[in-house]
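Asks: Residue numbers (our numbering), protein chains in the order written: chain A, 1 to 319; chain B, 1 to 319; chain C, 1 to 319.
Among the hints, erroneous ones may be present.
What the hints assert, rightly or not - Computed cross-link-like contacts, DMTMM-like style, restricted to lysine to aspartate or glutamate with a CA-CA straight-line distance of at most 20 Å: (1) Lys-196/C x Glu-163/A; (2) Lys-120/B x Asp-23/C; (3) Lys-4/C x Glu-101/B; (4) Lys-46/B x Asp-27/C; (5) Lys-33/B x Asp-23/B; (6) Lys-196/B x Glu-262/C; (7) Lys-120/C x Asp-100/C; (8) Lys-46/A x Glu-163/A; (9) Lys-4/B x Glu-101/A; (10) Lys-46/A x Asp-36/B.
FYI, nobody ran anything at the bench for these hints, they're computed from the structure.
If you want the building blocks of each chain, they are given just below.
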Amino acid sequence: MERKVQEEISALVQNILSDYGNDRQVDQLDIHKQPDRDVVIDIIYKLLRVIFPGYYRDRTNRFYNIQNNLHTLMEDILFHLNEQLVIVLRYHKDYQSATDEELAAAAQNISMAFFRQIPKIRAYVDTDLQAALDGDPATSLIDEVVIAYPGLLAVTINRLAHELYLLSVPLLPRIMTEYAHSVTGIDIHPGATIGKYFFIDHGTGIVVGETTVIGDHVKVYQNVTLGALSTRDSQKLRGTKRHPTLEDNVTIYSGASVLGGETVIGKGAVIGGNAFITKSIPAGARVSVKNQEMQIKYCHTPRVQTSDLEEDSSWYYTI
Amino acid sequence: MERKVQEEISALVQNILSDYGNDRQVDQLDIHKQPDRDVVIDIIYKLLRVIFPGYYRDRTNRFYNIQNNLHTLMEDILFHLNEQLVIVLRYHKDYQSATDEELAAAAQNISMAFFRQIPKIRAYVDTDLQAALDGDPATSLIDEVVIAYPGLLAVTINRLAHELYLLSVPLLPRIMTEYAHSVTGIDIHPGATIGKYFFIDHGTGIVVGETTVIGDHVKVYQNVTLGALSTRDSQKLRGTKRHPTLEDNVTIYSGASVLGGETVIGKGAVIGGNAFITKSIPAGARVSVKNQEMQIKYCHTPRVQTSDLEEDSSWYYTI
Amino acid sequence: MERKVQEEISALVQNILSDYGNDRQVDQLDIHKQPDRDVVIDIIYKLLRVIFPGYYRDRTNRFYNIQNNLHTLMEDILFHLNEQLVIVLRYHKDYQSATDEELAAAAQNISMAFFRQIPKIRAYVDTDLQAALDGDPATSLIDEVVIAYPGLLAVTINRLAHELYLLSVPLLPRIMTEYAHSVTGIDIHPGATIGKYFFIDHGTGIVVGETTVIGDHVKVYQNVTLGALSTRDSQKLRGTKRHPTLEDNVTIYSGASVLGGETVIGKGAVIGGNAFITKSIPAGARVSVKNQEMQIKYCHTPRVQTSDLEEDSSWYYTI
Chain A
1 MERKVQEEIS
11 ALVQNILSDY
21 GNDRQVDQLD
31 IHKQPDRDVV
41 IDIIYKLLRV
51 IFPGYYRDRT
61 NRFYNIQNNL
71 HTLMEDILFH
81 LNEQLVIVLR
91 YHKDYQSATD
101 EELAAAAQNI
111 SMAFFRQIPK
121 IRAYVDTDLQ
131 AALDGDPATS
141 LIDEVVIAYP
151 GLLAVTINRL
161 AHELYLLSVP
171 LLPRIMTEYA
181 HSVTGIDIHP
191 GATIGKYFFI
201 DHGTGIVVGE
211 TTVIGDHVKV
221 YQNVTLGALS
231 TRDSQKLRGT
241 KRHPTLEDNV
251 TIYSGASVLG
261 GETVIGKGAV
271 IGGNAFITKS
281 IPAGARVSVK
291 NQEMQIKYCH
301 TPRVQTSDLE
311 EDSSWYYTI
Chain B
1 MERKVQEEIS
11 ALVQNILSDY
21 GNDRQVDQLD
31 IHKQPDRDVV
41 IDIIYKLLRV
51 IFPGYYRDRT
61 NRFYNIQNNL
71 HTLMEDILFH
81 LNEQLVIVLR
91 YHKDYQSATD
101 EELAAAAQNI
111 SMAFFRQIPK
121 IRAYVDTDLQ
131 AALDGDPATS
141 LIDEVVIAYP
151 GLLAVTINRL
161 AHELYLLSVP
171 LLPRIMTEYA
181 HSVTGIDIHP
191 GATIGKYFFI
201 DHGTGIVVGE
211 TTVIGDHVKV
221 YQNVTLGALS
231 TRDSQKLRGT
241 KRHPTLEDNV
251 TIYSGASVLG
261 GETVIGKGAV
271 IGGNAFITKS
281 IPAGARVSVK
291 NQEMQIKYCH
301 TPRVQTSDLE
311 EDSSWYYTI
Chain C
1 MERKVQEEIS
11 ALVQNILSDY
21 GNDRQVDQLD
31 IHKQPDRDVV
41 IDIIYKLLRV
51 IFPGYYRDRT
61 NRFYNIQNNL
71 HTLMEDILFH
81 LNEQLVIVLR
91 YHKDYQSATD
101 EELAAAAQNI
111 SMAFFRQIPK
121 IRAYVDTDLQ
131 AALDGDPATS
141 LIDEVVIAYP
151 GLLAVTINRL
161 AHELYLLSVP
171 LLPRIMTEYA
181 HSVTGIDIHP
191 GATIGKYFFI
201 DHGTGIVVGE
211 TTVIGDHVKV
221 YQNVTLGALS
231 TRDSQKLRGT
241 KRHPTLEDNV
251 TIYSGASVLG
261 GETVIGKGAV
271 IGGNAFITKS
281 IPAGARVSVK
291 NQEMQIKYCH
301 TPRVQTSDLE
311 EDSSWYYTI
């Protein structure tokens, strides 16, 4: 590289280094002490192999040695999970002055408590799988749902993350659910409480907030928000119930929003597409947007040429 | 690892292994017999190299040896596709008692029938590319559309998957389209029938159901659903036409839903943003939400401080 | 492979090769001359390490050698960025007959001009981070926002891409923002102008058009479109202001659309969920959908069995 370019780069580096001295929040990081997102994703896929034994590409599995394989897999998960837990526990106020030994012991306890929930998680995921088979006329294959359905993937990762959330683990649960969000478009906060037989169809654009409570046999479609009424001045709201409660057998169709911590959708209620709900709905009710009036203009001669279809585009959007 | 931890892990492994004995659906898998999602994704990218020769990173391509390259590439795709087909054909009722030889022969026939459709798929994709160039004022570069536009990627993968769907291949078409869904946010079922010059702008949040039929020169925006009216009790609905038909030159603006198997949007019709359509619309009509009344409250002194903007947040959401 | 299969493949290859001779647009590519999306993604992550020093996995970083590390990192980015710039500048009308030396010099100048913007970009990203901490009651951890929040990732990549867009670089900025779109569901065109303290919550389904102008302290939720009124016959619209302006302290709740190049949302205005705005809104106004009437049907006995809930599904969708 020629000398002039070298000098330019040196000047730029000094420029950026001096900017690093400006005490920005983006620089307030403790190098070596952050969780490693790639390792967390690797842990997710190893946990999925435990939840769905035989899926997820460990082709060496055979039933006669599944005990050895599972033992090896669990030790591997434990090693990496402990490593990440030691890092993230420092973000927790209770551990800010803990010794390395105390952190290691706490991490080990959390990992073990988490692992003990695996059969329960599997029991729930099994019901989610059944709900997908019952709820989607486009499939009847278990393997299709497990391998290809983003809803089951997002909910399974959320069930795993939720157990770590209940164990007061900072940061890791959110990294897990944001990974699920990234690959599925389904954003479920790890704090959300979700009952059995939960089915998300299609999924993209779904948001489920931290304090949402969802009963059994609930079905949610794409672009649904289970959210808070307002989150301006939001730091005051931390820790309060800001998101709705859906009782058993509720269905929320695509594009609907259900908002507010005191909003309860009663048993068996059905919320129609694009509805905007901020008050409680009684059990068994069916709510839909009433008389959404459509304005239709006819053209005497149907015009099918793309190029001249909309010389006047003003008509079809009105306040 | 210390002895106590070893014992804890052994107990956990026994715990999970005994749960594996509970005959859950998540365990009903035939190890070694599931399709490999990573291999399917690899096949997708190799097929994209055939569709768009020269894109997708085979930098050794040169025109004088493109014949050899293509031959090698096609043999490679054939090998892996056959391997996956042999696995997934077992999910098909016609092949459940087939011999290995019969499966191999069926896989080979399907691969060949699929490959023969490649020129037709390329002809369609070529029109989709033209539709993007015509439809988006933000670009005029072919290469930008091919390399960067998620809509073209999702539709191309869908056109490939649709041919396998027509050949009655289980599972593989859905893995392909769910991969496209994951990277684009566009969820098109492989069963959907799509005409020429199809353009999806932006794309995220789009759902196109299995029995949707789309004509030529159709344009669809983000967050549009072409869906079913109801999918509760859905297993009864399998195989029926549950999703709408869009005739030629239809445009569906962002956030609109068009639902129902008997719903036909006539030639050249335009559906406005956020409209909710469950009945047929005649050719040439322009449909918009009529008089969506907005409630505007003015503050005498515009308040621009974030912190005090919404001390009363109740007003702006009402049922 | 048996002889018959070989012959079939040869016939297929000839079939596809002869289709390559049809002069389709999908074939109009200049092999060796296209930008490499994988290299561009790699550049993005290296730039993120510069923006957020210490994040993004360079575990060898230590403060005493950060100067050397940064120098090495910047040289690496420069090398690959120059390489991609030389390729994409050929798409620019000013460089179509440039010599290799002229292209190399232009690429070098653009890289340097881009690098000089890094401290400014960092200053803006720092305000975005603060806006997320202020705006989301679900977190108080800087590291959680930086590592896990898709909104900050999408906006940071957009701020980087926007500087290349301002330097008239073809194609690369769009590849960068479409990568962000793919992993976050947030589609911000590199042309959009975005002020300080920009916060996107949840994010999936957001579209921000090329000529959008956004002030400071703006907050946008999932599934919001800042779009154009009509983009049929769209090539005529290239270069015009087609997308809205949002002044300081504006909030746009989920599912709302704000459309049109002359639409200005005044300072401190709040746009409620699902609102559809195509005209300017004065400063300080609060706009919501008025009297969205809901139709509620009660069942005398709440029915909670999934299976019989919707024998009549026609009621809850009406035009």
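Asks: Compare the distance between the alpha carbons of Lys-4/B and Glu-101/A with 20 Å, and conclude whether the hinted pair is satisfied.
Replies: 16 Å, holds
Asks: Would you check the hint for Lys-196/C and Glu-163/A, treating anything up to 20 Å between C-alpha atoms as holding?
Replies: Violated, at about 37 Å.
Asks: Tell me if the straight-line CA distance from Lys-46/B to Asp-27/C falls inside 20 Å.
Replies: 16 Å, holds
Asks: Between Lys-120/C and Asp-100/C, is the straight-line Cα distance small enough, at 20 Å or below?
Replies: 31 Å, violated
Asks: Would the hint linking Lys-46/A and Asp-36/B be met if the CA-CA limit is 20 Å?
Replies: Holds - the C-alpha atoms of Asp-36/B and Lys-46/A are around 16 Å apart, at most 20 Å.
Asks: Verify the proposed pairing of Lys-120/B with Asp-23/C, using a straight-line Cα cut of 20 Å.
Replies: 14 Å, holds
Asks: Take a quick look at whether Lys-46/A and Glu-163/A sit within 20 Å of each other, Cα to Cα.
Replies: Between Lys-46/A and Glu-163/A the Cα gap is close to 16 Å, so the pair holds against 20 Å.
Asks: Keeping to a limit of 20 Å between CA atoms, is the pair of Lys-196/B and Glu-262/C held or broken?
Replies: 34 Å, violated
Asks: Is Lys-4/C within 20 Å of Glu-101/B, Cα to Cα?
Replies: Cα-Cα ~16 Å, so holds.
Asks: With the threshold set at 20 Å, check whether the alpha-carbon distance from Lys-33/B to Asp-23/B stays at or below it.
Replies: 19 Å, holds
Hint violations for this structure: numbers 1, 6 and 7, all remaining hints satisfied.
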